[in-house]
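Asks: Chains as they are written, first to last, in the working numbering: chain W, 1 to 501; chain X, 502 to 763.
Mixed in with the good hints, there may be bad ones.
Unchecked claim - If you only want the chain W side, here are some residues facing chain X, beta carbon under 7 Å, derived:
| # | residue |
| --- | --- |
| 1 | GLY76 |
| 2 | ILE80 |
| 3 | PRO114 |
| 4 | PHE133 |
| 5 | PRO136 |
| 6 | THR158 |
| 7 | ALA159 |
| 8 | PHE209 |
These are calculated hints, taken from the structure and not from any lab test.
Here a beta-carbon is modelled for each residue, glycine too, at the ideal position from N, C-alpha and C.
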Amino acid sequence: MMAALFASAAPGLNAAENGAATPRTNTKPNDPSVVGAEVALVTHAPHVPPPITRKTPAKVIVTLEVKEVVRRLADGVDYIFWTFGGEVPGGFIRIREGDEVEFHLNNHQENKMPHNIDLHAVTGPGGGATSSFTAPGHSSQFSFKALNPGLYVYHCATAPVGMHVGNGMYGLILVEPKEGLPPVDHEYYVMQGEFYTTGKYGDPGLQGFDMDKAIDERPPYVVFNGAVGSLVGDKALTAKVGDRIRLFVGNGGPNLTSSFHVIGEIFDTVYPEAGAQPTHNVQTTVIPPGGAAIVDFQVQVPGTYILVDHALFRAFNKGALGMLKVDGPPDLLVYSGKEVDAVYLGKAAEAGSEAEKKVTALKAQVAEEIKSNPKIAGLTREIQVQKGKAVYMQTCFVCHQPEGQGVAGQIPPLAKSDFLSTLTKEDYIRGVLLGRTGQIVVNGATYNGIMVPMNYLNDEDIANVLTYVRGNWGNSGDAVTPQEVARIRQESPPPPQNKYE
Amino acid sequence: MLNLKHRARVVLPLICASIVGAGAAETPRGMARIPDGVYRPFYRALNDPVEVPVRAFCLDVLPVTNGDFLEFVRANPRWRRSQVKRLFADESYLKDWAGDLSLGTNAPANVPATFVSWFAAKAYAQWKGKRLPTVAEWEYAASASPTRPDGENDSEFTRRVLEWYSTPTATLPPVGGGRPNVWGIHDLHGLVWEWAADFNTAMATGDARGDTSPDGQLFCGAGAQDATNLKNYPAFMRYGFRSSLKAEYCVHNLGFRCAKDL
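All chains, please: the whole structure from these sequences, using the hints.
Replies: Shown next as structure tokens:
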């Protein structure tokens, strides 16, 4: 068995068939449609190379260097990234439909691992992976023709693939359609990926790759462009009001699907899955691992727009959050800013609901507590006065004035009122519940107005406001209880409908 | 930390000595005896056995150092940097040495010899009256942790191995610094990759995810990965590494050690 292996191994054959020259070459027929040659400009995120103005296919030489580097993953947290070009995501490659790409993959000699590249833009087995498999300190070359336009993910496909991708080995290649893309003012490169660190989110120091978490798909970090905060603060994307923005958004994964969303914007146009068929007015677009989308939108209103994976714990607890800062004059017709700031108490619990029963029980308990505690019971009148003042200041003061002074000739005063001193407690209550008409003389002045019934106030409010009036402004009288109000309300004839209600 | 390391170094020679002593008659100096055992290939063709028996053999306790390799090129001028045939070693051959017969500061004598091709390693082994270990032998020997022969079941051991594979190293430390495994072998993990005699039998393409080539069967192992393979990720990475090599390649992190039949 071993002997057979040895025989078939024959490393010598390898070398012999290729001759002594070290670079291995493979001859390829010329493509007559290709005119000229150029070296591709490859950019780091969030930057994108400029649109291609050529009208004919060309030979484009693309070079990427694989580097294993220690870089910041979050504040105080470092990670050993495996990268195409020294950063995550890898360099953005822009070519044109029909181009012939001569691809060079260099594996830095200090790297520990062999690497390769699978470009989803390649038509052919492995997407270039088998032809680009490269030991540390070596370089591979292969060529492909860009047959299909679109935005494609590229990634390392060396065993163990999930680990190579999980360590950051992915990026985007744009194959522009022959006719180009509609012009915009800014193009940006955003790529999501998750990291399976040995420590928890935020655990400081150098973090390694955790295979168990990767297999369970439990990443402590989900980020845009390779690090928490790579697109915030001074690193935020920028634009001016009125600008048309295009985001080339990819997802390296390795496991999680992104629900890409920009808070406060609607994507005017999305090329879902970076395909040819655009769709419009999209709130959130789904980007699978190993997939991409092109989103276009115009910004009309200044401010900060937040890029998120709308699987929100990833955004707010794992780092999947970026910013687009838009400068310029506000457009209040499109967006007003805050117009009203008010307290909202919400609706009371529905009658008969569990919550309502609980509230009732609690109220009873509180009442019992107050009754049985003389200290609290002694405070009852003070509390009634306070509450009554609040009712007065909402309901009564418009006519009777804040200090009960009334309005000369029209509204009788409540303060130091000789008229009130002649009334019984029941008269007080009836006055509020039923209103009053007809001539009266108060403190020597005659009044002939109408007091409308205030029967829409509940028993407690009436008891409180009357207690307040009776104990104030030189008036006298004991507290009025809700029970007393309820009794009078019962025996009184149904009052006319309150027109204020 | 320092303390631990120091203690380890003191204890090591004792363990080595006892093992060397056990195999007394056959075990050459600087080698340790690895007893009969089995190797479970990480990749295998469908009809291959799950376990491959490995006969007892001797393995160098330490990787071959620059100092060792210097003796070899002194004695064998055709393996000097200026004279080696490109067919047998690419242009990176001994690239960190100062000259044909001088090591210089970038290649200390006690550091593993790297930038050495498979052909050169094989020639060195022959010159020593030894041979390169097979993948089966190497993997079997390297599966032992400091405390047990089946190190793949020692999660701490696996974790540390995996950590090394994912960290790039610019400068190499000297040999013999780590704790030896249960057979008394040093540095199988954590220092350099090592050549194996049949390194290129693992897989022949670079795409790990399945293949349409005649080597397709080799990938069935990967396709059939289950939870038990999880612990073998370091083996997965070594296979990946080996399959990226060609026999004349000279790589920064790639050295070797020798084996010998009993």
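Asks: Against this structure, judge whether each hint is valid.
Replies: Going through the hints against the structure:
1. With 7 Å as the threshold, the beta carbon of GLY76 (chain W) stays out of range of chain X, its nearest partner Cβ sitting at about 19 Å, so the hint is violated.
2. The criterion of a C-beta within 7 Å of any C-beta in chain X is met by ILE80 (chain W), whose closest approach is roughly 5 Å, and the hint holds.
3. Against a cut-off of 7 Å between C-beta atoms, the interface hint on PRO114 (chain W) holds, since the closest Cβ of chain X lies about 3 Å away.
4. Hint on PHE133 (chain W) holds. Least Cβ distance to chain X is approximately 2 Å, under the 7 Å limit.
5. Because the smallest distance between the Cβ of PRO136 (chain W) and any Cβ of chain X comes to about 5 Å, under 7 Å, the interface hint for this residue holds.
6. At a threshold of 7 Å, the smallest CB-CB gap from THR158 (chain W) to chain X is about 5 Å, leaving the interface hint in force.
7. For ALA159 (chain W), the interface hint holds, since its Cβ comes within 7 Å of a Cβ in chain X; the closest pair sits about 3 Å apart.
8. Proximity of PHE209 (chain W) to chain X holds as hinted, the smallest CB-CB distance being about 6 Å (cut-off 7 Å).
Against the hints set out earlier in the document, a violation occurs for number 1 only.
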